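Trainee: Chain by chain, the residues:
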Amino acid sequence: MNDMARLQKQRLALYGWMLVAPALALMSLFAFYPAIATLWHSLFTRGTTRRPSVFAGIENYNDLFADPTFWIVVWNNLIYAGITIPVSIIFALAMALWANAHIPARSFVRSAYFTPTILPMIAAANLWLFFYTPDLGVIDQITGFFGASPTNWLGQPETALASVIMVTIWKEAGFFMIFYLAALQTIPPDLREAARIEGAGRWTYTRRVLLPLLMPTTIFVFVNAMINSVKLIDHLFILTKGGPNNASKLILYWIWEMAFAYFDSPHAAAMTILVLLTLGLVAVIQFRLVEKRTHYR
Amino acid sequence: MNTALASRPAKRALPDFDKVLDALGAWVLAIVWISPLLFATWAALQPSGTALGLDFSNPLTFENFTYVWNAVPWAGYFANTVVLVTLILAGQLVLCTLAGFAFARFEFRGRDTIFILVLLQLFILPEVLIVENYAIVSKLGLFDTALGIGLPYMASAFGIFLLRQAFKSVPVELEEAARIEGCSWMGVLWKVYVPAAKPVYLAYALVSIATHWNNFLWPLIVTNSPDTRPLTVGLSLFGAPETGVDISVISAATIMTVAPLLIAFLIFQRQFIQAFLRAGIR
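Going line by line, the protein sequences match chains B and W.
According to my numbering, the residues represented by the first sequence are 109 to 405, in order.
According to my numbering, the residues represented by the second sequence are 865 to 1146, in order.
To be clear, the hints were calculated from the coordinates, so they are not data collected in a lab.
Model, not experiment: these values are computed from the prediction.
Treat the hints with care, as some may be off.
Distance ranges between label pairs, derived from CB positions [what the hints assert, rightly or not]:
1. W:Asp886 / B:Thr294: 18 to 28 Å
2. W:Thr950 / B:Pro176: 37 to 47 Å
3. B:Phe163 / W:Gln1135: 48 to 58 Å
4. B:Phe140 / W:Ala1060: 23 to 33 Å
Glycine is no exception: its CB is placed at the ideal position from the N, C-alpha and C atoms.
Okay, chain W solo, but in the shape it has when bound:
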C-alpha cells in the first residue's frame, strides 16, 4: 500500500536500521509465539521418555500417535466432536436465521423489548450459568447426550444480532421484486435474504465451529461417558500430569486434537482471520 512512501529517499540516516529492528522484533516474537506448538510437534515425534532432553539426534517416530490412538477411544471422541459441532451449527443457523429475519423485517409489538433481551444475553455468559443449566439439562433427560451439550448454544444472541444486521442491509426492492413474482415469506427469506448474507454465514460458521471444537467446561460437566465426550474433554482426562503419562504421549494427543482445525486454518487463513474479525466487530 505505501511501498512508494517507504522507498522514497529518507531524510534521516537511520530508517533502514529501524526497519531491520522491526523485522527482527517481529520474527523473534513470531518464533516465540509458535514455539510451544513447534516443541510439542517435535516432542510428539520423539520416542517417549526422551523428548525433554532436546536431543536432536534421536530418530523420529510415530509410536506416540499409535499409542494414543489405541489407548483411548480417540476415533470416538473425534466423531463426537464432529457430531456436536455440526449439530450446534445446524441449530444455530436455523434459529438465528428465523429470529434475525423477524427482527430485521417484521413489525410486531414487543419486538424492541425482546431485542434488548437478546442483547442482554450477550453478557450472560453460558459458562457462568453452569450450575442451573446442568440442572435443566438433567431434568430434560439430556444429560450425557450431544443434544444436551449443544442445546444451550443454539439460540445464539450473537448469531441473531449478526444476521439481523446482514438482513437489514439487503435493499427492500429486492424483496418486493420477489414478492411480486409470487414468493411467500419463506421463499423471500430463502431466495433473497439468505443468498445475500452468504459471507456473514461463512464467517459465523467458521467462528462457531472453532468455538465449539475448542469448548471444554460445559461439555466436561454434562458428559459422563466415552460415547458423548468430545475431544477436549478426552484430552483433559488423558493429559493430566499426575496420571504419569509421558510428555511425548501428551504432545501426540494434543497435536491430534488440534490438527483438524489447525490444518483448516493453514489452508483458509484469510477466511479464518476475516471471519473472526467480522464476528468480533459486531
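Looking at chain B on its own, in the form it has when it is part of the complex:
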C-alpha cells in the first residue's frame, strides 16, 4: 500500500515535470541562457575574422565608463524616468478622479484617456509628428498665433528629449489610470460623506484620505512606470533617432545602435548587463515595498 502511494506520488511528480518542461525549455533558451551569455560576452573583446575575440575582463565596462556618450545616455534616461514617472502618475490620478466623478459624457472621457494605450509606440510617434513639425505643426501654429517664432522641436538639443518625454506620458498615463479607477471604486462613498461632515474640504479629503488609501496602487504604478522608462523607446526611431547630437538618446536605443548599427556587441552586452542589474534592483525594491504594504494593511 505504502509502495503504491509512493509510486503514485512519483508518477504525479513526473507529470508535473512533463507539464512545465516545454515552457521551461523555451524560457531557458530565450531568457536565462541569453542573460548568462550576455554576461559572458561582455567580458570578451570584439572578434574579427583576423583577430579572434580574447578575454578582456572588465575592460568593456571601463570603456563604457570612459565614453562620454555613456554618461549622456544614462543622464538622459534618468531625466526621462524622473519626468515621465511622476507626471504620468499625476495625470493618471487626475484622469481617474475625473473618470470616476459624475460628469456628463463620462464614458467618452474615459475612452479618450485610455485610447493611446492600445496604439503602437511607432504610430504614436507618427501622430505626434503633427505637433512637432517646425512652423507647420500644431504647436507652432498655436505659438505662432501668439507671435512666437517657429521652433524645431525635434531638431534642437534643448527640446528633443522633452518632445520624446511628452509622447511617453501621453502613451502611458491612460494605462495607469485604469488601476487608480479600479482602486477608487473600492473606496466606500461614506468616507467622503464622513469627511464632509467633519468639515474637511475637497483638497483635504483628497490629500488626507484618498491618497493614503491609493498608496498601494501608486507603488504598483510606480514600478511599472520605472520599467517603462527602460522599455519605451520605439518612438525614438521615428522622432529623433536619439539626436541631435545624442540629446535624446536613451539606454535601450543605444544598446540597439551599438549592436545592430555599429556591430559592437561586446559593449552592447556590457551595457545590457548594467540594465539588468538596475532592473534587478527595481525588483528588490518592489518586493520590499510590497512587504511594507502588507504590513501597512
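Once you've looked at the hints, dock chain W against the given chain B.
Mentor: Below, chain W alone, put in the same frame as chain B:
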C-alpha cells in the same frame, strides 16, 4: 453609485461650481488626449500637401489610403501581423496552460525553485536581451521567420503566473468529481480547469494580441523582408520623415495600422479595460 449623496442639498454654496470645473477639466484633457488621433484622421483625408494648413474648406479624399495601399505591400504586412499575433497567442495558451496547471496542482521536487525562476523572468525584459536572442534565433535558422519573432514570447512568465492563480482558485472538489467519473489528468484540465478560467483566458488573450500587434523593436531586428515584416516595422520604414513622404500619407498609413485594434477597442471597450486591469494587477 453615490448619486444620492451628490444630489443632497449642499452645505456650502460652491459645489455646483466645483462640478462644472470638474467637467470642464475632464473634457479639455480628454480632447487634448485624443487630438493627435483626430488630427491624423483628418489629415489622412486631406489631399496630400495641404494637411498642415488646417484649412477646413478642402474636400475630403481617400487618395492617401489608396496611395499607401499601392505603394507598399500593406496587405502582406497586415497578414504577417495577423499570423504573428495568432502564432504567439496559440503558443502562449498551450505552454502557459500546461505550466500553470503544473504549478497549481502538482507536487514535485524543485517546483518552488522553478517558480521563482519564472517570476525572475518577469523582470528580465525580452527587449533588453535583443543582442543574444538575435544570435540564438539566427543559430536556430529562424531569422526572418514568423516563428523567429514569436518564439521568445511564447513561454510567458506572466501568462504562467496568471493561469496558476486562476487554477488555484478552482475548488478541488470539482476536480475530484471529474476524476471519479474517470477523467484523466488531461481530461480534468480540459473539462474542469480551462472552462473555469475562461475570463482569465479572455483577458490574457486581449492583452497579448494588443501587445504583439504593437510590438516593434524585436520584429525590427529579426525581420529582413516584406514576407515577414509586421505592420509596425512596415510603418516605421515608410513613415520616417527624412524619406520626404507627405504627412497626409504618413497619417493614412498610421491610421491603417492602428485601425483594426482601435475598432475592436471601440466595440469591446469594457472588456479591453477589464482585460488590461486584470492583467496588470497580478
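Trainee: Look at the Cβ atoms of Phe140 of chain B and Ala1060 of chain W and judge whether their distance stays inside 23 to 33 Å.
Mentor: holds, 31 Å
Trainee: Regarding Thr950 of chain W and Pro176 of chain B, is the given constraint of 37 to 47 Å on their beta-carbon distance met?
Mentor: holds, 46 Å
Trainee: Holds or violated: 48 to 58 Å for the Cβ distance of Phe163 of chain B and Gln1135 of chain W?
Mentor: Since Phe163 of chain B and Gln1135 of chain W have Cβ atoms about 54 Å apart, the given range 48 to 58 Å holds.
Trainee: Please check whether Asp886 of chain W and Thr294 of chain B have a Cβ separation lying inside 18 to 28 Å.
Mentor: holds, 21 Å
Violated hints for the displayed structure: none, as all numbered hints are satisfied.
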